[in-house]
Structure formats: C-alpha cells, structure tokens
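Asker: Could you build the full structure based on these sequences and the hints that come with them?
Chain by chain, the residues:
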Amino acid sequence: MNSSTGSTSTGISVTLEKGLELLERMMLIRRFEERAAQLRAEGLIPGFLHPYIGQEASAVGICDVLSPQDVLTSTHRGHGHMIGRGADPARMYAELFARVGGYNQGKGGSLHMIDTELGFLGANGIVGGGIPIAGGAALQFKRTGSDAVAVSFFGDGASNEGSFHETMNMAALWKLPILFVCENNLYGEFTRQSEHMVLKDVADRAPAYGMPGVVVDGNDVIAVREVTKVAVERARNGDGPTLIETKTYRHRGHFEGDMAKYRPKEEVEEWMKRDPLLTFSTWLSTERDASKADLADVRSRVDTRLEVAIAWAKEQAHPLAEDALNHVYVESFNGEALR
Amino acid sequence: MTNFTYADGIRQAIAEEIERDPSVFVIGEDVGESGGVFGVTKGLWDRFGSNHLWDTPISEEGIVGAAVGAALVGGKPIVEIMFGDFSFLAMDMIVNQAAKTHYMTGGNLSVPMVVRMVTGTAGSTGAQHSQSLEAFFTQVPGLKVVAPSTAEDAKGLLISAIRDPDPVIFFEHKGLYVGRGGPAGDVVKVDPIPMGVGKIVREGSDVTIVSYLKTLEYAQKAADELAVEGISCEIFDPRTLVPFDRAGLRASLEKTGRLLIAHEAPTRGGFGAEIAAFAAEDCFELLRAPIVRVGARNTPIPYAPIMEKYTLPGVARIAEEVRKLVK
Numbered sequence: 001m002n003s004s005t006g007s008t009s010t011g012i013s014v015t016l017e018k019g020l021e022l023l024e025r026m027m028l029i030r031r032f033e034e035r036a037a038q039l040r041a042e043g044l045i046p047g048f049l050h051p052y053i054g055q056e057a058s059a060v061g062i063c064d065v066l067s068p069q070d071v072l073t074s075t076h077r078g079h080g081h082m083i084g085r086g087a088d089p090a091r092m093y094a095e096l097f098a099r100v101g102g103y104n105q106g107k108g109g110s111l112h113m114i115d116t117e118l119g120f121l122g123a124n125g126i127v128g129g130g131i132p133i134a135g136g137a138a139l140q141f142k143r144t145g146s147d148a149v150a151v152s153f154f155g156d157g158a159s160n161e162g163s164f165h166e167t168m169n170m171a172a173l174w175k176l177p178i179l180f181v182c183e184n185n186l187y188g189e190f191t192r193q194s195e196h197m198v199l200k201d202v203a204d205r206a207p208a209y210g211m212p213g214v215v216v217d218g219n220d221v222i223a224v225r226e227v228t229k230v231a232v233e234r235a236r237n238g239d240g241p242t243l244i245e246t247k248t249y250r251h252r253g254h255f256e257g258d259m260a261k262y263r264p265k266e267e268v269e270e271w272m273k274r275d276p277l278l279t280f281s282t283w284l285s286t287e288r289d290a291s292k293a294d295l296a297d298v299r300s301r302v303d304t305r306l307e308v309a310i311a312w313a314k315e316q317a318h319p320l321a322e323d324a325l326n327h328v329y330v331e332s333f334n335g336e337a338l339r
Numbered sequence: 001m002t003n004f005t006y007a008d009g010i011r012q013a014i015a016e017e018i019e020r021d022p023s024v025f026v027i028g029e030d031v032g033e034s035g036g037v038f039g040v041t042k043g044l045w046d047r048f049g050s051n052h053l054w055d056t057p058i059s060e061e062g063i064v065g066a067a068v069g070a071a072l073v074g075g076k077p078i079v080e081i082m083f084g085d086f087s088f089l090a091m092d093m094i095v096n097q098a099a100k101t102h103y104m105t106g107g108n109l110s111v112p113m114v115v116r117m118v119t120g121t122a123g124s125t126g127a128q129h130s131q132s133l134e135a136f137f138t139q140v141p142g143l144k145v146v147a148p149s150t151a152e153d154a155k156g157l158l159i160s161a162i163r164d165p166d167p168v169i170f171f172e173h174k175g176l177y178v179g180r181g182g183p184a185g186d187v188v189k190v191d192p193i194p195m196g197v198g199k200i201v202r203e204g205s206d207v208t209i210v211s212y213l214k215t216l217e218y219a220q221k222a223a224d225e226l227a228v229e230g231i232s233c234e235i236f237d238p239r240t241l242v243p244f245d246r247a248g249l250r251a252s253l254e255k256t257g258r259l260l261i262a263h264e265a266p267t268r269g270g271f272g273a274e275i276a277a278f279a280a281e282d283c284f285e286l287l288r289a290p291i292v293r294v295g296a297r298n299t300p301i302p303y304a305p306i307m308e309k310y311t312l313p314g315v316a317r318i319a320e321e322v323r324k325l326v327k
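From first to last, the protein sequence lines stand for chains A and B.
Residue numbering for the first sequence follows our numbering, beginning at 1 and increasing consecutively.
Residue numbering for the second sequence follows our numbering, beginning at 1 and increasing consecutively.
These aren't lab readings, by the way, just hints derived from the structure by calculation.
Some hints here could point you the wrong way.
To spell it out: a stretch of chain A is covered by chain B in this simulated footprint if at least three of its residues, at any positions, have a beta carbon under 8 Å from a beta carbon of chain B; those stretches are [to be verified]:
# : region
1 : 98-107
2 : 162-171
3 : 224-234
Just so you have them, the derived chain B footprint on chain A, three or more residues with Cβ under 8 Å [stated by the list, open to error]:
# : region
4 : 110-118
5 : 133-145
6 : 319-329
Here are the simulated distance ranges between beta carbons [as the list claims (entries may be wrong)]:
#  : chain 1 : residue 1 : chain 2 : residue 2 : range
7  : B       : 178       : A       : 46        : 32 to 40 Å
8  : A       : 48        : B       : 299       : 35 to 43 Å
9  : A       : 144       : B       : 178       : 30 to 38 Å
10 : A       : 292       : B       : 50        : 54 to 62 Å
11 : B       : 268       : A       : 189       : 49 to 57 Å
12 : B       : 273       : A       : 265       : 50 to 58 Å
13 : A       : 210       : B       : 163       : 50 to 58 Å
14 : B       : 217       : A       : 46        : 45 to 53 Å
15 : B       : 51        : A       : 210       : 20 to 28 Å
16 : A       : 48        : B       : 194       : 37 to 45 Å
17 : B       : 232       : A       : 46        : 15 to 23 Å
18 : A       : 268       : B       : 20        : 58 to 66 Å
A quick note: this is a predicted structure, and the numbers were derived from the prediction, not measured.
We put the CB at the ideal spot given by N, CA and C, even for glycine.
Answerer: Quick look at the structure:
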C-alpha cells in the first residue's frame, strides 16, 4: 500500500494518430485559457478566472481513460477538466460571458460550470467542495451496482481540507469506485506546499486510509494515462479507490491578475522547460515522426474552432435581470417564486 | 386508542417511501442495525438492509456531501444528523453546495435530498446538543425548511419532503420523541401534506399564537390556562417555515388582531422575527397591539435544569405574555 511512482512516458500503445488527438485536446485547453484571459482583459468576462495553463497533461491523461457513464467533480480551476472531458468551448465561453446560451444560462460562470451530458458535475468555488460530492456519486454507483466510476480533481491545497480526509476514509472503507486526483501544482493559492504540509507527496496520505497512492509526472500525458488505466480498472472491479498525485505546475498566477511574485524565477523557468505541450510535441516528432505540418495543423484546427466558438458566444443573448428569480427551487408554489 | 408516536410517523414515512421508490435511502451515523440514537430507524435495517440504511463514520461533511453526490446521479437520500448542532460540520455541503446547485447550474441539476435534523432540548442536553437552528437554514435561498409538531404531520410532511425535488431541512424535536427504543406503534395511513399549508390547532378570538415543534405543546397548555381566565387563544402551526403560509397567518389575524410568536430558538434573529415581519407587511391594518415574540433568552443553553428552564420559553412565559398582550 506504499505510494509508488508511475513510470515515465514510454509511449505504450500511443500511435501518432492517438498522440495528435491528445495533443489537440491539450492545445484546446491551453488556447481556450489564453483567449479567455484576453477576453477578460477586453471586458467580456465579468468574473474570476483561474487558468489551467501548464496542467493540461493531467486533465487530458485522466479524461482520456474514462467512459461515457463516468462522472467528475472539479475545482475553481476547472476549464481544463471540462474540455478534457469533451465540453463545448462555445457554451463555455458563453457562460464566461454570462449569456443565456452558456452551460449554466449565465448563472454560474467559471466557478460553477457543469455539463450534465458529460457527467461533469461541476467546477466548484469551494476548495475541497467537490470531493465529498464525487464520493457520493461513487456511493450511489456502488449501491446500485453500476460500473460507473467517479473522479474528483482537486489540488494540493484541498488535501488539507476535512472534506478530503472524510471522503478518503469513507471511500476506502466502502471500496468505492472513485479516483482521487490531486493535481499538485506546488502552491495552495499563494502558499508553497512546504509551507502548508510536511509531506513532500500528497500521495503519502493514501496509505493512512488504506488505499494506494501513486505519484506521476503530471506533465506527461502518457504517464498520467497509464496510471489512470490501472486506477480505473481497480475501481470498476470493485477493488476500491486510488489517490493519484499528478505533479504539475501552473504557468500563471492563482487567478488571472495574480502576478505570482511569490514564486522564484528559477523555479518558473525550470517548469517552463517542462511545458507539457512542448515536451509532448517534441516526443511526437522524435518518437512518432510527427511532421511540422502535423503539429501546425493541430494548432490551426484549435484556433479555428475557438474563434468560431467565441464568435458564437458573443452572439448569445444576455439574460433578463428578472431571470435571477428562476431556478431557486425546482418547484414553485402557487405559480409564484418561493419566498 | 391508537399508539402512534412522532418517531413512528417518521419511521413509517421512510419505510413507505423506500417501498414506493427504491432510490430512497437513509444515510447517517448509527442509522443501520442499531436503529439510530433515538431509535427512529429501528427495525428498518432488518426490513431493507444496509443498502437502504447506510451506516457511516462520524463525518458530517462527508455524509452530507455523499448525499449530495448520490442525489446528483439518481439517488434520493435521507440524511440523519444525529443532533442538529452537528450540522455546522456539514454547513458547506448544505449551504454552499446543495442549496445552490439547482440555481447556479441554471436549473440543469437538482439535489432531491432530505436532511433530518434532531433539534431542541430534551432536558440538560447542554449547549452543544440542544440548539434550535432553523433560522440558519430559513435564511438560505434554495432550502425548504419543515418543522412538524405531531406524529401525523411528521409522517405526512416527511413523505412530501422525500418526494420533493429540492433539498429539504426537516427538523424533528427530540422532546417529541416518545418511548425511545420502545416497540413500534400502529401503522397509521397519512397522506402527503403539502408544504406551505399551516394548520389552526385551536380556534380562538383574542390572540393568535404562532408556534411549532415542542413549543406548540406549551402554547396549547398556556391556552388552556388562559381559557379559564376568559382569554380566547387561536393557535396557528405553520408546519413549514419555508415556504410559509402567509395567507393562513392573515386569516387568523383577521379574527384576533393580536399576534404572539413562540419558539424555542433564541428570540434575537429567530424565525419569529420573520413571522412578525410577515404580519407587519401583510396585516398591519389588522393589528390592534404590538407583536410579541417569546423565544429563548439570548444565551447558550445551560446544563442546570433550573437555568435551562429559565432560559427557554415555557407555559408560564407564554401565558404571561398573552395576558399582557390582551390587557
């Protein structure tokens, strides 16, 4: 039950075609976030943004292994998970623009975005808030004999919340079909990991609850995919949960506008060399003979798709102010909003 | 005579709803084989098994979160919070998650969950096992709040709460549980009671007393005493606080023109303040005297019986305040 380290990328079973697909998904996240930051600067996005840039391999590696019936909970930094799962960037932008065409009809924004058809149960504005909810979905799967799996993404900071510890204990106790995915980007908001916990690896918390903990290079999409396969199989077989710690780094601040001056320059430079898109593109070129044109095509497809999405989102209607009174409850009373 | 207690009503509602809809299940601490610390789920584990009476570790946030997650993927959980005071450990899941999910997802998701909360004092249960916390929840848009005072209402309202598509906070006063751990009572058929429909418990003409949960019993005893003195009290039990039967309140005030609100929660910021505001907004022209609130004194609940009795509203205080009000 000791935590172990996932093997680094050996490229098992990844063809050029599959590799380009994974790269495109990662690129879609990267460019979605970069464009979102620009659009926010232009005044189109009124609320918070917590960019996922730098962590793309983690979301894509995990989501690539999942099946349609599986569900996910996410975090304040949720765009990557959502796109990794296959969400529509147009409806995401529309939500960020607070339009009725958005995933949440403009009532949620970045922090609460959902896609029920994809089993994406939501980003979450509360650190650690999604963890017990994923646990509950897994409990329902277990109780009803479903072979679906729940995945909860969270960060190193959330692993200090009670919600994490309570759910880890219950999930191990009941052998729930769940993956706890700690994306350790080394900072809980502005505080570096060494200042918020003694352990070096969050995965070391897993054995304390009686479940395996795995550390993997979170910037290596293939390595993430491989450890995920093992954990998903374990969950589907009824053998219980796994804690996967993906070691990664956010290239930008905690939120858009945070200059992240609390991080040493050398550390940032070191991680930039390990940019998951850069390293995976290089790997595809050297190990799978991807041509420059192959890689350029990926970028161009992504950019075209996003510009179409942004244009669509900009055309979506603004909600009416009185729409604020809808959806407080599923049921109204005597035809009136419940007061 | 029918033997049908408040706990029987709750237990029967759970059993009938599990039989009607297998997606209904109970989750909480000691709710399974042991039947709960107040014996409310006693016997249900034998009938329905662990899958429907899901015992948990002592982890309130994890429990309510599990219920929220289960509800999002097709379950209909009934959470038991052993003492309502412990709900603070689960407040994020109740207030930030369950209450807001339907709204912040633009109506795409909902959380059909009941949180049964054991509330109030049972005598020297002390500051952390006796609180009446309903106003914490009535303040949160997205939650419905139910507070039954009788066995029939407990059953009929719990059936409605379980079938309700929204998260419902269901308060059960531990002082209304009778014969804890005793044999199950008679099965009484009760139809679902719609939310937002109050009930006139006693008809009268001089003053309307609005009360609920255990305090309703004290109000009835006070009304008996006052009747001897020639003061006629009408008693209105709202049964659900959110939604609240404002029309029912007005109908009563049309008869009496005077209002006293009695509840076990502290007076300051208690739900009685909201009821007073309803009356002032809807019925100002009907009021012949200032509205009076009788709640707990604004202290934590003390352990010593003599102090506890002093802080909480009882028959004597309600009667005394009514006498002053009708003078």
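Asker: Run every hint past the structure and note whether it holds.
Answerer: To see whether the hints hold, each was checked on the structure:
no.	hint	result
1	98-107	holds (count 6)
2	162-171	holds (count 6)
3	224-234	violated (count 0)
4	110-118	holds (count 3)
5	133-145	holds (count 11)
6	319-329	holds (count 4)
7	178/B x 46/A: 32 to 40 Å	violated (55 Å)
8	48/A x 299/B: 35 to 43 Å	holds (41 Å)
9	144/A x 178/B: 30 to 38 Å	holds (36 Å)
10	292/A x 50/B: 54 to 62 Å	holds (60 Å)
11	268/B x 189/A: 49 to 57 Å	violated (36 Å)
12	273/B x 265/A: 50 to 58 Å	holds (56 Å)
13	210/A x 163/B: 50 to 58 Å	violated (38 Å)
14	217/B x 46/A: 45 to 53 Å	holds (52 Å)
15	51/B x 210/A: 20 to 28 Å	holds (22 Å)
16	48/A x 194/B: 37 to 45 Å	holds (40 Å)
17	232/B x 46/A: 15 to 23 Å	violated (58 Å)
18	268/A x 20/B: 58 to 66 Å	holds (59 Å)
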